[in-house]
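Under our numbering, think of the first position of the sequence shown as 1, with each following residue one higher.
One or more hints might be untrue.
[As the list claims (entries may be wrong)] Derived Cβ-Cβ restraints for the label pairs, each shown as a range: (1) Lys53 x Ser154: 48 to 58 Å; (2) Arg83 x Glu135: 11 to 21 Å; (3) Cys38 x Ala59: 31 to 41 Å; (4) Pro76 x Pro152: 17 to 27 Å; (5) Asp48 x Glu80: 33 to 43 Å; (6) Gly122 x Asn89: 13 to 23 Å; (7) Pro76 x Ala34: 17 to 27 Å; (8) Asp41 x Gly87: 24 to 34 Å; (9) Leu73 x Gly40: 14 to 24 Å; (10) Glu15 x Leu98: 21 to 31 Å; (11) Asp54 x Asp33: 11 to 21 Å; (12) Arg96 x Lys17: 52 to 62 Å.
The set of hints was computed from the structure by calculation and includes no laboratory data.
Cβ atoms here follow ideal geometry from the backbone N, Cα and C, with glycine treated the same way.
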Amino acid sequence: MAVIFENPRDLLGQEGKTLDTSEWLTIEQDRIDAFAECTGDHQWIHVDPVRAKDGPFGATIAHGYLTLSLVNLFMPQIVEVRRFSAGVNVGMDKTRFLNPVIVGSRIRGVGEIVSAQEVKGGAIQAVIRVTVEIEGKDKPACVVDTINRYFPES
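Hey, can you work out the whole structure from these sequences and the hints?
Shown next, in the form of structure tokens:
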């Protein structure tokens, strides 16, 4: 269950706080193929299981950007901020792909508040680091500092 903040201001002063962990998600070939179709990235290491079997990882791997995009799925499971008029993704910092996600692997997101501050217009901007773990691996698939802005209620 997500860590709940009743309003965005409650994020202030929470730097270093560990948030929740998302549910495990199995990365299947059909998800990889669908991502390839959407992005036009049909590199064999992602979409050709026969050729990838003899490749460096012994199977197909998820696109790094697919792994990164799943952070959006994990965030509501990690943290819930309430009582704001609008929330937007402002961007990201320090994105790193550290370990490939081999087809059939299970991944999950783990969150931590890096910073939170009031910005122009009274919005609260929070940087939340999401580490995408791979079940059974010491090194994560991806680490990204997401930048989220929560605008006050009218």
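So, going through the hints one by one against the coordinates:
| no. | hint | result |
| --- | --- | --- |
| 1 | Lys53 x Ser154: 48 to 58 Å | holds (56 Å) |
| 2 | Arg83 x Glu135: 11 to 21 Å | violated (35 Å) |
| 3 | Cys38 x Ala59: 31 to 41 Å | violated (21 Å) |
| 4 | Pro76 x Pro152: 17 to 27 Å | holds (20 Å) |
| 5 | Asp48 x Glu80: 33 to 43 Å | holds (40 Å) |
| 6 | Gly122 x Asn89: 13 to 23 Å | holds (19 Å) |
| 7 | Pro76 x Ala34: 17 to 27 Å | holds (21 Å) |
| 8 | Asp41 x Gly87: 24 to 34 Å | holds (29 Å) |
| 9 | Leu73 x Gly40: 14 to 24 Å | holds (22 Å) |
| 10 | Glu15 x Leu98: 21 to 31 Å | holds (23 Å) |
| 11 | Asp54 x Asp33: 11 to 21 Å | holds (19 Å) |
| 12 | Arg96 x Lys17: 52 to 62 Å | violated (21 Å) |
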